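Number of protein chains: 2
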Amino acid sequence: MQTYKAPLRDMRFVLHELIDAGQLAKLPGFEEATPDMVDSVLEEGAKLCEEVLLPLNRSGDEHGCTYENGVVRTPPGFKEAYKTFVEGGWLAVSATPDHGGQGLPELLSFVFDEMVCATNLGFGVCPLLSKGAMALLETHGSEQLKKLYLPRLADGRWSGTMCLTEPHCGTDLGLIKTKALPTDRGTYRVSGTKIFISAGEHDMSENIVHLVLAKLPNAPSGTRGISLFLVPKLMPKADGAPGARNGVTCSGIEKKMGIHASATCVLNFEDAEGWLVGEPHGGLRVMFTMMNAARLGVGLQGLGIGEIAYQSAVAYAKERRQGRALAGATEPAQPADPIIVHPDVRRMLLTQRALNEGARALGYLVALNIDLARRHPDADKRLECDEFVQLMTPIVKAFFTDCGSLAANLAVQIHGGHGYIREHGMEQLVRDSRIPQIYEGTNGIQALDLVGRKLGQNYGRLLRRFFHPAEAFVADNKDVAGMAEFIEPLAKGLERLRNATLSLAGRAMADPEEAGAAATDYLKLFALVSVGYMWARMAKVALEKRGEADAFYDTKLKTARFYFSRLMPETGSLFATVMGSKKSLMEMTADEF
Amino acid sequence: MQTYKAPLRDMRFVLHELIDAGQLAKLPGFEEATPDMVDSVLEEGAKLCEEVLLPLNRSGDEHGCTYENGVVRTPPGFKEAYKTFVEGGWLAVSATPDHGGQGLPELLSFVFDEMVCATNLGFGVCPLLSKGAMALLETHGSEQLKKLYLPRLADGRWSGTMCLTEPHCGTDLGLIKTKALPTDRGTYRVSGTKIFISAGEHDMSENIVHLVLAKLPNAPSGTRGISLFLVPKLMPKADGAPGARNGVTCSGIEKKMGIHASATCVLNFEDAEGWLVGEPHGGLRVMFTMMNAARLGVGLQGLGIGEIAYQSAVAYAKERRQGRALAGATEPAQPADPIIVHPDVRRMLLTQRALNEGARALGYLVALNIDLARRHPDADKRLECDEFVQLMTPIVKAFFTDCGSLAANLAVQIHGGHGYIREHGMEQLVRDSRIPQIYEGTNGIQALDLVGRKLGQNYGRLLRRFFHPAEAFVADNKDVAGMAEFIEPLAKGLERLRNATLSLAGRAMADPEEAGAAATDYLKLFALVSVGYMWARMAKVALEKRGEADAFYDTKLKTARFYFSRLMPETGSLFATVMGSKKSLMEMTADEF
Numbered sequence: 011m012q013t014y015k016a017p018l019r020d021m022r023f024v025l026h027e028l029i030d031a032g033q034l035a036k037l038p039g040f041e042e043a044t045p046d047m048v049d050s051v052l053e054e055g056a057k058l059c060e061e062v063l064l065p066l067n068r069s070g071d072e073h074g075c076t077y078e079n080g081v082v083r084t085p086p087g088f089k090e091a092y093k094t095f096v097e098g099g100w101l102a103v104s105a106t107p108d109h110g111g112q113g114l115p116e117l118l119s120f121v122f123d124e125m126v127c128a129t130n131l132g133f134g135v136c137p138l139l140s141k142g143a144m145a146l147l148e149t150h151g152s153e154q155l156k157k158l159y160l161p162r163l164a165d166g167r168w169s170g171t172m173c174l175t176e177p178h179c180g181t182d183l184g185l186i187k188t189k190a191l192p193t194d195r196g197t198y199r200v201s202g203t204k205i206f207i208s209a210g211e212h213d214m215s216e217n218i219v220h221l222v223l224a225k226l227p228n229a230p231s232g233t234r235g236i237s238l239f240l241v242p243k244l245m246p247k248a249d250g251a252p253g254a255r256n257g258v259t260c261s262g263i264e265k266k267m268g269i270h271a272s273a274t275c276v277l278n279f280e281d282a283e284g285w286l287v288g289e290p291h292g293g294l295r296v297m298f299t300m301m302n303a304a305r306l307g308v309g310l311q312g313l314g315i316g317e318i319a320y321q322s323a324v325a326y327a328k329e330r331r332q333g334r335a336l337a338g339a340t341e342p343a344q345p346a347d348p349i350i351v352h353p354d355v356r357r358m359l360l361t362q363r364a365l366n367e368g369a370r371a372l373g374y375l376v377a378l379n380i381d382l383a384r385r386h387p388d389a390d391k392r393l394e395c396d397e398f399v400q401l402m403t404p405i406v407k408a409f410f411t412d413c414g415s416l417a418a419n420l421a422v423q424i425h426g427g428h429g430y431i432r433e434h435g436m437e438q439l440v441r442d443s444r445i446p447q448i449y450e451g452t453n454g455i456q457a458l459d460l461v462g463r464k465l466g467q468n469y470g471r472l473l474r475r476f477f478h479p480a481e482a483f484v485a486d487n488k489d490v491a492g493m494a495e496f497i498e499p500l501a502k503g504l505e506r507l508r509n510a511t512l513s514l515a516g517r518a519m520a521d522p523e524e525a526g527a528a529a530t531d532y533l534k535l536f537a538l539v540s541v542g543y544m545w546a547r548m549a550k551v552a553l554e555k556r557g558e559a560d561a562f563y564d565t566k567l568k569t570a571r572f573y574f575s576r577l578m579p580e581t582g583s584l585f586a587t588v589m590g591s592k593k594s595l596m597e598m599t600a601d602e603f
Numbered sequence: 011m012q013t014y015k016a017p018l019r020d021m022r023f024v025l026h027e028l029i030d031a032g033q034l035a036k037l038p039g040f041e042e043a044t045p046d047m048v049d050s051v052l053e054e055g056a057k058l059c060e061e062v063l064l065p066l067n068r069s070g071d072e073h074g075c076t077y078e079n080g081v082v083r084t085p086p087g088f089k090e091a092y093k094t095f096v097e098g099g100w101l102a103v104s105a106t107p108d109h110g111g112q113g114l115p116e117l118l119s120f121v122f123d124e125m126v127c128a129t130n131l132g133f134g135v136c137p138l139l140s141k142g143a144m145a146l147l148e149t150h151g152s153e154q155l156k157k158l159y160l161p162r163l164a165d166g167r168w169s170g171t172m173c174l175t176e177p178h179c180g181t182d183l184g185l186i187k188t189k190a191l192p193t194d195r196g197t198y199r200v201s202g203t204k205i206f207i208s209a210g211e212h213d214m215s216e217n218i219v220h221l222v223l224a225k226l227p228n229a230p231s232g233t234r235g236i237s238l239f240l241v242p243k244l245m246p247k248a249d250g251a252p253g254a255r256n257g258v259t260c261s262g263i264e265k266k267m268g269i270h271a272s273a274t275c276v277l278n279f280e281d282a283e284g285w286l287v288g289e290p291h292g293g294l295r296v297m298f299t300m301m302n303a304a305r306l307g308v309g310l311q312g313l314g315i316g317e318i319a320y321q322s323a324v325a326y327a328k329e330r331r332q333g334r335a336l337a338g339a340t341e342p343a344q345p346a347d348p349i350i351v352h353p354d355v356r357r358m359l360l361t362q363r364a365l366n367e368g369a370r371a372l373g374y375l376v377a378l379n380i381d382l383a384r385r386h387p388d389a390d391k392r393l394e395c396d397e398f399v400q401l402m403t404p405i406v407k408a409f410f411t412d413c414g415s416l417a418a419n420l421a422v423q424i425h426g427g428h429g430y431i432r433e434h435g436m437e438q439l440v441r442d443s444r445i446p447q448i449y450e451g452t453n454g455i456q457a458l459d460l461v462g463r464k465l466g467q468n469y470g471r472l473l474r475r476f477f478h479p480a481e482a483f484v485a486d487n488k489d490v491a492g493m494a495e496f497i498e499p500l501a502k503g504l505e506r507l508r509n510a511t512l513s514l515a516g517r518a519m520a521d522p523e524e525a526g527a528a529a530t531d532y533l534k535l536f537a538l539v540s541v542g543y544m545w546a547r548m549a550k551v552a553l554e555k556r557g558e559a560d561a562f563y564d565t566k567l568k569t570a571r572f573y574f575s576r577l578m579p580e581t582g583s584l585f586a587t588v589m590g591s592k593k594s595l596m597e598m599t600a601d602e603f
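Protein sequences appear in the order of chains Y and L.
Residues in the first sequence are numbered from 11 upward in steps of one, following the numbering used here.
Residues in the second sequence are numbered from 11 upward in steps of one, following the numbering used here.
By construction, these hints were calculated from the structure, which means they are not laboratory data.
The model shown is predicted, which means the values in this text are computed figures rather than measured ones.
Among the clues, some could well be false.
Identical copies carry no separate label here, and so any pair may be met within one copy or between two of them.
List of simulated lysine-lysine pairs, DSBU-like, C-alpha gap at most 35 Å [what the hints assert, rightly or not]:
hint, residue 1, residue 2
1, Lys-189, Lys-502
2, Lys-225, Lys-265
3, Lys-488, Lys-328
4, Lys-593, Lys-157
5, Lys-555, Lys-593
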């Protein structure tokens, strides 16, 4: 059975004991975001996710969305859940208060989103897109567009989409065929077919705001000729109320592996009226505002699925009895021991747990840096924080989603045959967790972003945002009592990562295919070391606080030990493959495959 | 799109150039199994799988089996396909000619089964079980049972099942509650509920033969008190024709993640008449005849899915155009290059390919040893071959199925968003490939079988069946021109495996939890080294034959290079975790999870 209680204790540990989220309350505009206030918001959010979203997760998967004559209906209960969700203000936690948002830190929104993704990934897609659309319009929209659209997105009356993909192009947006022709009213007529549009049509909001990539007449070819347009489903009337239908229709929804509660739409734009956002031909850069936020949000989907997978597997492992502990029966009065006694079951549970808690720590640190990058009074500090976020975005997106999928598969495995049966809900987690590895740029694309874009940027300056604090932490703590078992493997991992980085940077300069050949393994190496850095930091806090009333800190130390002894060693083999050459990938001709 | 042509060239390479399958034709009873005859049987089999089974794979998934009032209907077309299948004699390729089988080598049946699993896993489940039932009855059935049941199983009029699992017990069969009471006619009345019974009820055969584990009155507790009964669905009349209904009914089928074309049944036995097979209380040992064959068959499911996943992904990667080769456009006249130019796409394709071809070589070697173990004139040789099969069975089952699932997931990833959509058929491969990792003993159970049972058996004698030939191969070839790049990493892997084995054997003696904690990683280490051994042997053949007309041998060498440079390095990190202790798994109390 899908089992989930928001891990509030662990969330608070990261926020207050590890990354000092309280520092945000000292920044202008965030005065209200005190630890107490943050905690009470999260408690409310947890209640919503546990009581409203979780009960709809299985039924949403079974019913799925339906399509009929251009109309998409979400599964039973979703409209009501959406209403509760938006009335609670959850859509606009971190949106600007100038236009109806709550103006709280992104970090808080991030933590809440983890719970949403854990309890109902299909439901969470629509709010994620609305948040992305608000972020994009806040940064790049005209005052007129902001005033009209932001308040309606913030309160959920309207929802947002990202319309990028076309049948012949996904990753390679330079191939886009959708056209936009200027009208004499300063608007544009957008025509073309977009596919894979999440929440492109549904019945939860009264209007939908499409953000569409298209090409102006005589646009330069490739990605430099793409512009971005806001295209509402229903044309706003003078008073802002939704009016006549615009020229965009949904011609079908996809039958997919998972996230059945989220409609994946084919949208046909036929002379749909749209408004330019940003500069002509500058659409891709603008869309990347939304895309980068979305990539972090997708990373959270992986973390959320990882957490519900872990909790569900633990519940089953404590309840299901098969066989006896290898060291002798733990419950001899019962016909068998619970399977949590078996080392291999524990290996699977601890893999889920150590990855979840490590990813949570890293993810929240990234979110903290988003807020610091926006609000810190010192411009240098803002830049540094932004660079850290840029560096970590592909890692959060790719590694967290790979871990989410792994955790879901481990949950199935722990359930054995029962995991394969739909009613237990574990196989749904596998199906739902598979898409975050793909959308918003496949994980292979994330790896190329890391090695091709982030690695060399400003002569490796982004890298220093990770290496400096991590190496300083190692230097400061290598002689601290009790820290050796964490610092030694971390230092080894950092050395591998540093050497791999130097080698790769050198080789990539001469031959970009060398970077491409190593990219995926390099990203995973980077991720394991980054998460290892967070685990060492968590171990330090736990060492200092252990002995306090609850077992939390002791458990944290045990999980840290598992991470370093069982998961960190993979950095050795990843280092070996990153240091290899592209030859074994590239020497085969296409015909030989 | 699901794309599959039986890889006959590679199959022949393994059979005739690598493992000398021709030696079987010298064994008594296998005189007909000459290379030419083997090839023509496989060509016929390939045609059947490509033309009859593959076209039903997607539709079988979409329709699934239906249940109504105790009746199970297979998807449209399956009855007809089954008829074609059994009329071609494909069910009984290796069954004894004394009772209607073709008496051909198990190896040949194995190769054919790979094709069946590749093209329609759901369809293949039923024949797999019938084959297992025949193998069990051939070895353990009374003459009377053999005479009545074997010919009807061999020609497919009747099909077989394995009835082990009950709602409260899967892995731990000692907990079985199903009862068997003796009648005054020498038969038994079987009562109880069995779940997860594949092909437990369906409309393809006129009768179903259930092999059921149950307990006799006053049976010893645990696994030593289990007996095995043959329970027909319809009672055979005096002339053998199916007669009145026996006391077994199907009360429902499961809704599952995948293999929708295979009915997974709940069977209720109520005073069903059954016949004892083997000795009273000796049922588990007898069932393991079927189980061991089934585990190898499940390994083939992994390999089959791996192959169709690879071929489908290659087809897509050659056709889909996105972006440009990093080294410069390969097809500048087209708007974009095919994605097979990208190193990361090649990494995924080559991972699938190198694992498939390596697993194929190892799997066929195991099957060859099954035949040698049965038919070789020298008793010592027979024992040796049987020990090799015993050692390799958990590796084939667990590693091949893990690789199949990995390959299916890589096929989805290469397809990007299109891989997530049902119509392309890639996500079906992921769903179908997930169950082989679970049934016939989860892969964690396989690992325990390897370390707990196979490792220490006869003071490690089973291990020598792998280590001796592998180490001799290294010694013989380390100075052979061109072999260094394969022999060096193999030798390193062997050394790791040997050291890990010694350490584990020592630690396990003192503390079985140490073995349990390392089991899964140890099995993977063993598998990577075993497959590495096969790759080095394949490289040797290819080195000797390269320069011949086709590019086959050059391609084989390139794939071997990929295996050793990109996949074999994982033995390093697996060695590290196997050498670690159980502490990080066992120190946490159950409450702390």
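Evaluation of the provided hints:
In this assembly of identical chains, the alpha carbons of Lys-189 and Lys-502 never lie at most 35 Å apart, being 53 Å within a copy and 59 Å across copies at closest. In the homo-oligomer, the alpha carbons of Lys-225 and Lys-265 lie at most 35 Å apart inside one protomer (29 Å), although the nearest pairing across protomers, at 46 Å, exceeds that limit. Taking the shortest alpha-carbon separations for Lys-488 and Lys-328, neither the intra-copy value of 38 Å nor the inter-copy value of 51 Å comes in at or below 35 Å. Neither within a single protomer nor between protomers do Lys-593 and Lys-157 lie at most 35 Å apart by alpha-carbon distance, with minima of 55 Å and 60 Å respectively.
Taking the shortest alpha-carbon separations for Lys-555 and Lys-593, only the inter-copy value of 22 Å comes in at or below 35 Å, while the best intra-copy value is 51 Å.
Hints 1, 3, 4 from the list above are not met by this structure, while the remaining hints are.
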